[in-house]
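Asker: The primary structure of each chain is shown beneath.
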Amino acid sequence: DAKTTQPPSMDCAEGRAANLPCNHSTISGNEYVYWYRQIHSQGPQYIIHGLKNNETNEMASLIITEDRKSSTLILPHATLRDTAVYYCIVTGSARQLTFGSGTQLTVLP
Amino acid sequence: DAGVTQSPTHLIKTRGQQVTLRCSPKSGHDTVSWYQQALGQGPQFIFQYYEEEERQRGNFPDRFSGHQFPNYSSELNVNALLLGDSALYLCASSFGYNEQFFGPGTRLTVL
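Chains G and C, in that order, give the protein sequences.
Take the first sequence: its position 48, counting from 1, is numbered 1089 in my numbering, and each next residue is one higher.
Take the second sequence: its position 60, counting from 1, is numbered 82 in my numbering, and each next residue is one higher.
Some clues are possibly wrong.
In silico SDA-like cross-links for lysine to any residue, where the CA-CA straight-line distance does not exceed 20 Å [as the list claims (entries may be wrong)]:
#1 1044(G) x 80(C)
#2 1093(G) x 48(C)
#3 48(C) x 1044(G)
Taking CB as the label site, the calculated pair distances span [as the list claims (entries may be wrong)]:
#4 1108(G) x 121(C): 18 to 26 Å
#5 1071(G) x 106(C): 32 to 40 Å
#6 1149(G) x 30(C): 16 to 24 Å
#7 75(C) x 1067(G): 44 to 52 Å
#8 1071(G) x 117(C): 15 to 23 Å
#9 38(C) x 1099(G): 46 to 54 Å
#10 1099(G) x 39(C): 39 to 47 Å
#11 1062(G) x 93(C): 35 to 43 Å
#12 1120(G) x 37(C): 40 to 48 Å
#13 1062(G) x 121(C): 17 to 25 Å
Treat the hints as calculated values from the structure; they're not laboratory data.
Ideal placement from N, C-alpha and C gives every residue a C-beta, glycine not left out.
Okay, chain C solo, but in the shape it has when bound:
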């Protein structure tokens, strides 16, 4: 049984560009959450998707948006990239409000 998978593993972008990160949840899970982890800090909650809708959102600007597909997979989009958006982006899946299982993350570098 595959766990949570994310793509790509690494990504390099320049300021002002847009980026899309992808996440496939663990089998049987219907809820996807996204987190941002800057170097040396703990993960920070961005938002959570359930039934293809954003259910809850953390303190992140509208440049961060997402989508969940009927097969429960999810995308995270970031527009107008800033240097400060460089981070490890983590996807976590769960069945409803049960414990969340994390993927390996996507390392985004903004130059």
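Excised from the complex, chain G in its bound form:
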């Protein structure tokens, strides 16, 4: 599975959009991009995933660049409850998720 690179931390003002970047320059054609988040001491929560098209669900939007070497998770209106560690994972299937260090997102009031 391709390696991902994320900034260690980011801040976002409450009510504003949070844009979390992820680099995955070695991604191969059959690998998906998955996003999970983990609020302190809880189990990770599935957010969204995609292959090459942009995706949107009730939680977030996923924008994947045309060359697929990077992606951005967008939380359109961040709330204090969105404060968490966000993990970007690239995998050929969801069978073995390899978690990196993730991005600590702090939503500020």
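Dock chain C against chain G, hints included.
Answerer: Same frame as chain G, now just chain C:
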């Protein structure tokens, strides 16, 4: 609809002992994966069970073993506990290779 459930919530053991952790998957899911999360780190994949067999395994010693039952629930067993086995143990379920949903975890402390 109940999500993934795990028991117990917390557990304290001493070095050398054995421990069994339990997981019930989300309704409709047939695949269970186990992860270990040490303090301050991301979860690490231990193994995955499907149709009562271990389908894939991460880089964990044979002291870690598991089982899946006909109702898709699963157990994680760890023998000869070491201090370094202290961690949050997470169970995730999925339908086949679809997205995995995690339980709240079991916090294991080895003294």
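Asker: Taking the hints in turn, state whether each one holds.
Answerer: A quick look at each hint next to the structure:
no.	hint	verdict
1	1044(G) x 80(C)	holds, 16 Å
2	1093(G) x 48(C)	violated, 28 Å
3	48(C) x 1044(G)	violated, 29 Å
4	1108(G) x 121(C): 18 to 26 Å	holds, 24 Å
5	1071(G) x 106(C): 32 to 40 Å	holds, 35 Å
6	1149(G) x 30(C): 16 to 24 Å	violated, 36 Å
7	75(C) x 1067(G): 44 to 52 Å	violated, 31 Å
8	1071(G) x 117(C): 15 to 23 Å	holds, 20 Å
9	38(C) x 1099(G): 46 to 54 Å	holds, 48 Å
10	1099(G) x 39(C): 39 to 47 Å	holds, 44 Å
11	1062(G) x 93(C): 35 to 43 Å	holds, 42 Å
12	1120(G) x 37(C): 40 to 48 Å	holds, 43 Å
13	1062(G) x 121(C): 17 to 25 Å	holds, 21 Å
Of the numbered hints stated above, those contradicted by the structure are hints 2, 3, 6, 7, listed in ascending order.
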